[in-house]
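Enquirer: Residues per chain, in single letters:
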Amino acid sequence: MLNQILFIDDDPITLMLCKKVIARADFCHEIITSSNGEEALQHFTAMKKNRDIIRPDLIFLDLNMPIMGGWEFLNYFEKIEFSEFKTIKVVVLSSTIDPEDLEKSKQYEMVIDFLPKPISTQMLTYLSDKMGF
Amino acid sequence: MKSKTNQVILIYIIISLFVAIVSYRIAWHYIQPQHLYLYSFAKDCIFIILTGILFRFILAKNDNRSIAIFKQLKKTNDEIRESNEKYDIVAKATSDTIWDWTLEDDNFTWNKGIESVFGYQINEVGNTSTWWFDKIHPEDSIKMSIRLYSFIEQKTEKWQDQYRFKCADNTYKYVLDRGFLIKDESGKVTRMIGAIQDITKQKEEEQRLKLLETVITQSKDSVLITEAHSDKNQIPNIIYTNPAFSQMTGYTSEEMFGKAPNFFNSPKSDLEALQTILNAIAKKEECLIETLSLSKNKEEYWIRLSMIPVFNTENEISHWISIQRDISDDKKREKEKEQLIRELTQNNKDLKQFSYITSHNLRAPLSNLTGLLNLLEDMPIENQELQEILTGFSKSTHLLNETINDLVKVIIIKDNPSIKKEDIQIADIFENVFSQLSFQIELYKPIIKLNFANVSIINTNKAYIESILLNLLSNSIKYKSEDRKLKITIASQKTDEGILLLFKDNGIGIDLDQHRNKVFGLYQRFHNYPDSKGLGLYLVKSQIETMGGSIEIESEVNKGTTFTLIFKNKN
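From first to last, the protein sequence lines stand for chains C and A. Residue numbering for the first sequence follows full-length UniProt numbering, beginning at 1 and increasing consecutively. Residue numbering for the second sequence follows full-length UniProt numbering, beginning at 1 and increasing consecutively.
Read the hints as simulated data drawn from the structure, not as lab findings. Treat the hints with caution; some may be incorrect.
To be verified - Rough simulated footprint, nothing fancy, chain A against chain C, three-plus residues with beta-carbon under 8 Å:
{"hint": "1", "region": "4-14"}
{"hint": "2", "region": "19-32"}
{"hint": "3", "region": "89-103"}
{"hint": "4", "region": "112-120"}
What the hints assert, rightly or not - Calculated Cβ distances over 12 Å to all of chain A for the following chain C residues:
{"hint": "5", "residue": "E38"}
{"hint": "6", "residue": "M47"}
{"hint": "7", "residue": "K48"}
{"hint": "8", "residue": "R51"}
{"hint": "9", "residue": "D57"}
{"hint": "10", "residue": "M68"}
{"hint": "11", "residue": "Y76"}
{"hint": "12", "residue": "K130"}
{"hint": "13", "residue": "F133"}
Note that the Cβ used here is the ideal one computed from N, Cα and C, for glycine as well.
Only chain A is shown next, with the shape it has when bound in the complex (with noise of 0.2 Å):
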């Protein structure tokens, strides 16, 4: 400006010089010197005049090339405005902490996301790299500090870094920081830009799902992701399969990648299983099945798979989820199961045989021992001696058959722990008990009145029945009273609880004062009668609670007896 100044001036020096001269000449020329005032003033107006013109262009033209300036100025100023509320905007939406680095005087600042990031104020924020250094966690800050050297001596060529910076109330949040160097013109780096980035959030989730993802990737169960559709009977294609996967099908990743799971390759994989997976898969449901499969080195194996849809939040298929269990194990042992359950039921039955020829063949000379003994009874012994043995032999021989007659009872009961039912006409069962008893029916010809009309079919198994009630029957006759006719009714009745069946009788009873507790158990014996064995009861009871249901005792003594059979319905 100050040339500028000068320039106008000298052109101004010569050009009023040039008009003076100009002027004098003229005036000079034509003017008289007697007009020589006038000639002064006319000369002084012109100059004046002339001056003043130029003068006035000279401005003009000055002062248009200020406003350019000026204007330029004003543009300059606004941009950098604009670019300054930018810089802070995007500052703000980024939630980005800024720093600035001016290395030469280790000057630092922070922009505001210091306080309202990490919880600083600004009296708190130091304003050297230490203070920032300070800042970073000590398991990070070593790794960070040489990575951030490296770039600032120019050794490499980006700089961004995670790590855990301190906040003001001594927690740490994951940042992810990008730096940018300012050069000056020889190249020397003199600045550093940097901006923080929280990523706690970001973080934590990243490793929640790290740690989700470590039941996919550590589980011994395969899993396997597929895409939501398929084609018509077909399973939707694996866009995912986990290490166990690989492990259990010997199929990688890559190979199954992009096709449907082919988990019914064996020739003997169960079709109809596979229908169950189309069908659900149709229906969009869930399903569980097993079948036998095949490996990539052909060994066959077996599994139970699961087969889950997901859902968005639109209500559509996302994805299916399936997860598969080798169950050959499984599958093994419950085979062997069924052979050993078989090879035992084989041994149960011939155990069962044989306790039946074992009984046989002890009884077969036994009965006859018995029937001997029996034709001495009439028969006059004169020796004294031999009638004593042979009442010994006769007392030992009762003995030996009431103890096998016992051992063949628990044998019966022992014999079928698995029992089938079966609807049963009662009056059926009756007519097979009383032919089984017609013998003693005969000799003490007992009344027997019976009443099935409420209900006439139970569901029972046949077998025990038949025992429980020939056991109550032979009971029944004998503990009959010597002092009235043996009557006997039986009736039936439904109640809510299942079918009841009323056995009474006019016996001589029992004390159940005494005797409740023990009327059903072992080897109770509560008549003196010789051919008691205590065991009759506790038959019946087995074999009623054996079939799910119970009996019940009534009695007074020397009146009668009865008994309640309940038979559960059917659930």
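Bound conformation, chain C alone (with noise of 0.2 Å):
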């Protein structure tokens, strides 16, 4: 069972769901959100200066959301002044059908995975099976 996860959706609903299908699933003890890919970075960048919040294992990330999308937190996040997350994985968790969105998704190395929405507890299983816990 995974520590903490960190979700990054703009949708109340979708976040809600999220949360009651980990519960059931027991997949980790901890769930926090942001509603946006900047949000994100502002909680790693308050993490960078204070060790004593915890670190995620594994991000679920939407792709379309306000402010900040969910390419532009990617983009950000590879680069040097996060580089001390690297080893935290993402799975990008959307609802499009854009073929291209996934081939742009291999091109992060974080990027584990890229599922279909919604979350279902045969998907955690799936993840949990690959990351080997």
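Two independent chains are provided; combine them into the complex using the hints.
Expert: Here's what the structure looks like:
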């Protein structure tokens, strides 16, 4: 079981759904959320300053968000200033059907999977098998 | 001659009398009267001898004169005969038909030409001018007569005319008739002699050439003819331009005569095209180019220009012909078309983006609904009515989800009709497909055997082949048999036709006897599975056919299905 996961999604219903599904699957101890990429980056910046803040093991990332979308977040997150978080894995969780998005996601080393919404318990089982916990 | 005879007799009498008197005197003086007989005899002898000598002189002189006259006559005669012969030969050689018209009594005679050229027998030929006039084509006769009488009345100096003359077989021949007048001492016209020349062939040739010429003169394409040769790196000089040339370029024939064509006079002219022409001229080959050109009043226009060498019988270039067409409108249309295509491509791209966004925005809340309903599945609901409402809610949500997924797939297949093909490793394609289906593969753990030893690379469109294999693979998983473990075999083969990809499973199969015609149809479902939408194989077929390939199916119920994908060779 993971310790903490971060959900980045602007839709409160999606977040609520994710929390409930994850709670049932015993996937992790704690869930934190950010409503867009910028908010998530602020959280990581804060983390850099304060070592006491718990670091998430996995990020579920939506693509289409206001202020800062998923791709932009990944571009920032890849940079040297966030290099201390590069062990954190990212799963893109989106309702997009554009085949280009799937191709694009493969360019990011930290993205380990590209899954369609909605999140399900089967999906979490598959992920925990894949990540080996 | 008569007077000459009298003259001779008179001279003879005078001389004889003179001789008689002289002899008498001599005799009288020398001879005695008793010798009168002898005297008479001697006198007569002397008289005969003297007059004989005299006669000889006179006759000899006369004779000489006669011989001279006879010789003169013979010479004249020979000359006339020769002249006549010459006339006949000339008439024969020129095939001229000669006529001779005595105006006073209207006597009209023809030479042999009337028979040999026009086919009339001697007895058919009339001997008045009326017969002549009757044979002239009605459309020509009035004009011809006016000119002829104007000549006879000596109002005009020369007469020659062209008209149609009727032959014995009632056809008409074009003739050229030339005439001369013969006048008496008072200057009155007595005779007219004419020579008719058959010019039917020339006339027909002339008409044929005139007809052919209309092609050049009436053509809307600009036509020019140039000399055979030119200085190096120069188009040969113009010797003819048609009216369309002047219309198009604004330059008259006179302006361009003897100059090289100036189609490359715009700063924007295609100099590569000019080089093409010069190379073709050097090699004596025809060529076709397009360039921007400038008219005399500095207007730009596009031309398509051809240069064609014309060879004579000795296989040497006699001249070049060049045809130019103003293709400005074509070029404009082409540009408009390109612009239109650009706009349409952009529109299409926008629409595609729009459909992806719309689909995303529809799917996002829909996936929430699906997820929430999934949560409800594990929760016991006591209230019967609420349960019913939630069941309806769930069914409708799933239906909406399926419909949207259908539409999404149609969008993807219609997305890009012109597809790009590339050489792709088959193994790489499967790696991608498996990763997209990794969730299901992990779940059902089918046995998958791959054999790409024969062919490892195919030339195809990456997105399509992935979609096709994704469909086939997910179908195999979806329609696996519950009785046995799913086994999928995929192998590649090379044939004359192209590359085959065999995709075989041991699933529930399709009854082909019943469904063969509908297998690849739209919205065809053969199994009552809730998540079957009847779209997968339709998409597969559309995609492989878009790439120029084909798909075949073999299947047996409860044994399995084999799909054969055929990727045609590049050509």
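Enquirer: Which of the listed hints are broken here?
Expert: 12
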